[in-house]
Amino acid sequence: MSRPWHVPAALLVVLCAACTTQTGGTALPAPGAPAGTTSTNGRPQPDPRALQAAQPCDLLPAAALRPLGVTGVGKPASTSKARQCEWRVDKGTVAESYTIAVVIYESTGVADIKTDKEIEYLNVGAHSAARFFTRGSAGCALGLEITPTSRVDVQVTGEDPEALCGPALEAAKQVEPALP
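Per mature numbering (1 follows the signal peptide of the UniProt record, and there is no 0), the sequence shown runs over residues -23 to -1, 1 to 157.
It is worth saying that the hints were derived from the structure and are not from the lab.
Just so you know, these numbers come straight off a predicted model, no measurement behind them.
A portion of the hints provided could be inaccurate.
[As the list claims (entries may be wrong)] The following label-pair restraints were derived from C-beta to C-beta distances: (1) P44 with A88: 13 to 21 Å; (2) L45 with A103: 18 to 26 Å; (3) K52 with E136: 29 to 37 Å.
[As the list claims (entries may be wrong)] Derived lysine-lysine pairs resembling DSS-like cross-links, with alpha carbons at most 27 Å apart: (4) K68 with K58; (5) K150 with K94; (6) K58 with K91; (7) K150 with K58; (8) K91 with K150; (9) K68 with K150; (10) K52 with K91; (11) K150 with K52; (12) K58 with K94.
For every residue, glycine included, the Cβ atom is placed at its ideal position computed from N, Cα and C.
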């Protein structure tokens, strides 16, 4: 007894259709494969030296200072690991006043953030970011990823760190467009 010709043909169609379906999920490189040139949020990865020429006092635009409550000029400072600029926001009392700082870390990425509390990951504009409380809970900060090994933090420190995450996010939104 011979099989009808349409049975093997139908089986072939079913097998081919199974090969054309897409599998859900995220593609990952094979172990040991070289890293690509895009960041975790899919934007092109800037040159690792992109922050060398950046000046922290220039990253917060002058047009943003008044809306953020800043009345004075930025004060630059640096440490062995970072360069920063600070602006004071005077709300009338010490308890309500705070400091905004833009801090450039050329060799410390978002994954290197040290904090005593949980880190929340989000996007600010085109940049991946991490919202965290600074060590000792003196303030709220957003670390904006530049490369896996560099970032720019926007830190707001004052009496009530929980209440400072709103101003930190607003300042980060102003800084973000100037970043590589």
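Going through the hints against the structure:
{"no.": "1", "hint": "P44 with A88: 13 to 21 Å", "verdict": "violated, 32 Å"}
{"no.": "2", "hint": "L45 with A103: 18 to 26 Å", "verdict": "holds, 21 Å"}
{"no.": "3", "hint": "K52 with E136: 29 to 37 Å", "verdict": "violated, 20 Å"}
{"no.": "4", "hint": "K68 with K58", "verdict": "violated, 31 Å"}
{"no.": "5", "hint": "K150 with K94", "verdict": "holds, 23 Å"}
{"no.": "6", "hint": "K58 with K91", "verdict": "holds, 14 Å"}
{"no.": "7", "hint": "K150 with K58", "verdict": "holds, 24 Å"}
{"no.": "8", "hint": "K91 with K150", "verdict": "holds, 22 Å"}
{"no.": "9", "hint": "K68 with K150", "verdict": "holds, 21 Å"}
{"no.": "10", "hint": "K52 with K91", "verdict": "holds, 25 Å"}
{"no.": "11", "hint": "K150 with K52", "verdict": "holds, 20 Å"}
{"no.": "12", "hint": "K58 with K94", "verdict": "holds, 22 Å"}
When held up to the earlier numbered hints, the structure conflicts with 1, 3 and 4 and fits the remainder.
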